[in-house]
Each structure stands twice: as structure tokens, then as C-alpha cells.
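Participant: Just need the whole structure built from these sequences, with the hints factored in.
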Amino acid sequence: MPNWNSAIKKIDINNVASVNVKHHSELFISEVEPIMKLNVRGKSRDFLSMIGKILNIILPTEANTSTTNEHITALWLSPDEWLLFKNNVTNRGTEETIIEENLYKNISQKKLGSVTNVSDQFVMINIQGQNLYELLSSGCPFNFNDFKNKKGAVSQTLLNHTDVIIYNEEINKINLFVRRSFSAHLWSWMNDSARFI
Amino acid sequence: MFLINCPYCGERDQSEFSAGGEAHIVRPKQPTELSDNQWAEFLFMRKNIKGVQFERWNHSHGCRKWFNMVRDTSNDKIHAVYKMGEKPPIK
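Residue numbers (this note's numbering), protein chains in the order written: chain C, 54 to 250; chain V, 2 to 92.
Because the hints were derived from the structure by calculation, they are not lab data. For each residue, glycine too, the CB sits at the ideal point set by N, CA and C. Hints are not guaranteed to be accurate.
[To be verified] Footprint (simulated), chain C over chain V, 3 or more residues, beta carbon under 8 Å:
| no. | stretch |
| --- | --- |
| 1 | 8–19 |
| 2 | 52–64 |
[As the list claims (entries may be wrong)] Computed Cβ-Cβ distance ranges for the label pairs, DEER-style:
| no. | chain 1 | residue 1 | chain 2 | residue 2 | range |
| --- | --- | --- | --- | --- | --- |
| 3 | V | Gln31 | C | His124 | 48 to 56 Å |
| 4 | C | Thr118 | V | Val53 | 33 to 41 Å |
| 5 | C | Pro194 | V | Ala81 | 17 to 25 Å |
| 6 | C | Gln174 | V | Met85 | 39 to 47 Å |
[Claimed, not checked] Computed far set for chain C versus chain V, every beta-carbon distance over 10 Å:
| no. | residue |
| --- | --- |
| 7 | Thr121 |
| 8 | Ser131 |
| 9 | Gly146 |
| 10 | Thr169 |
| 11 | Lys204 |
| 12 | Asp216 |
Facilitator: Dropping the structure here:
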């Protein structure tokens, strides 16, 4: 049983498959939860190599990019900050705790950087469809011309006045991270705006 | 509305940024030796000129990094953008 409650809508926690999903004519919007998310911060070379050693992933140092391996994706947020998230939905629990504790022990306690579990702070919403950038552009100042053709691109921007992190997973398929307290509002706005696209 | 070239993220809309006031104000080395007027001068008094001004900005809805900008306040033309700690590329 997942130890998770949707921020967007009350769901049957015994049935993870019933997470919020909305179909529009050219768009498919769904909440992807529960999923592990970690915020890591650090500057030193030791910090970067330690993350690589523990998670088997190289943190991206180029702006607005990401790196991914079999299990985890790392998004560039700023020159010394990254968001890590699991590629697949998993029941929160032992696995997440082991990864977090391992990072905490080897990074936070050794003063190489900081590790924060933001699994409950951010909500991940998946948007797919040919008109997805029309939906985003209706409430976002960011220019998606280059972004939409660059797989793995990352952007932090505003969507309907709400801070979001947008990750281009595939062409016409993005993952959007929004703070939990704003997620229900953004979800409503997206579904409302999608009606006009 | 104008575009700002964040030194970390690239070109973004102004609405993603917050202005942080005048740049390159040096904190006095011995604040205790200053008079109240001198301290108030450092703490509160800022230029608000019409023309080219050195400013601090924060990419608050992006990478959340501070940086400096040389901007003409009369027409919002941006002459230079540079990271904190770097010397202004123009005088």
C-alpha cells in the first residue's frame, strides 16, 4: 500500500492505478506519483564524484540540461543545485530511505553538500500530446522553440504565475514539477486551459 | 516587458526576475566607527538616476542566483550582465 496521498485529488490509496488522469483532444495530463525526489546541493569536485559513486550518475554541469541512467534522472537547477528523481513510480519506503540515508551519510555528514528529500514538496505531472506547448505557452513567458526539440532539456520558469520545473522527457512529452501547495490550482488551470486548445 | 540574459540560464523574460537595487555598494569595514548619518547613508541611500545604472538582479523564478546588470533606466536597454564578484565589463 503506498504511503501517499494525492495533492491534487483524494484517491483510493489501495489502487495506485487510479491516479489523476485527464484526456483532452490532443493532450493527456496525468499525475505521476508516488515518486522519489531529492534536492542535492554542492559545489566541490568531491561532492560531484560522491554523487556519481553512490547513484552511478554524473550530475549535469551544463545549464538547462539533465542526465539520466536506468533508475534516476538528475535535472540541473542552478550551478550548485540539482533535482534527482526516480524514473519509475515506486511505493515510497525502504528503497527511498536507503538512498536518502546513504546520500545523507556520505554528503551531508561529511559536509560536502546538502541532501533534502523533496518527494512530498513537489508533485510531478506528466503532459503528453502534440499541443502540449500550446498549453504551456498560454500561461508561460518561456520561449519553447529550442526546448521542445531538445530531449532532456530542463527549464525553471513560471506557469500561470506558479514556479515550475519542466523536463523534456521525449518529444511532445514532458514532466512538470510543481510545489504541492500550488499543484491543485495548477492542475485545475491546465485542465481548464486545455479545453480551448 | 524586456528580456534579460541570465548569466547562468540564458535569455528569459523579465517577469522571472526580481530587481535587487543598486550594485557595488561596499559595506564599511568598521561600522562601529561610523556616525548614525554615515551608517544611514550606507544602509538606505540609493541612487535612482535616469540613465545607465549598475544594479543587482535575482533570477527568482529560475536558478535563484544573484547577478549584476548595467541597465539604462530610461529605455531598459541592457548594456551588460555579469556574475557576482566579477568586475563590471564597462565603466
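Participant: Would you mind marking each hint as holding or not holding in the structure?
Facilitator: Quick rundown of the hints versus the structure:
no.: 1; hint: 8–19; in the structure: holds (count 8)
no.: 2; hint: 52–64; in the structure: holds (count 3)
no.: 3; hint: V:Gln31 / C:His124: 48 to 56 Å; in the structure: holds, 55 Å
no.: 4; hint: C:Thr118 / V:Val53: 33 to 41 Å; in the structure: holds, 34 Å
no.: 5; hint: C:Pro194 / V:Ala81: 17 to 25 Å; in the structure: holds, 22 Å
no.: 6; hint: C:Gln174 / V:Met85: 39 to 47 Å; in the structure: violated, 27 Å
no.: 7; hint: Thr121; in the structure: holds, 20 Å
no.: 8; hint: Ser131; in the structure: violated, 4 Å
no.: 9; hint: Gly146; in the structure: holds, 31 Å
no.: 10; hint: Thr169; in the structure: holds, 14 Å
no.: 11; hint: Lys204; in the structure: holds, 18 Å
no.: 12; hint: Asp216; in the structure: violated, 5 Å
Hint compliance for this structure: hints 6, 8 and 12 are broken, all remaining hints hold.
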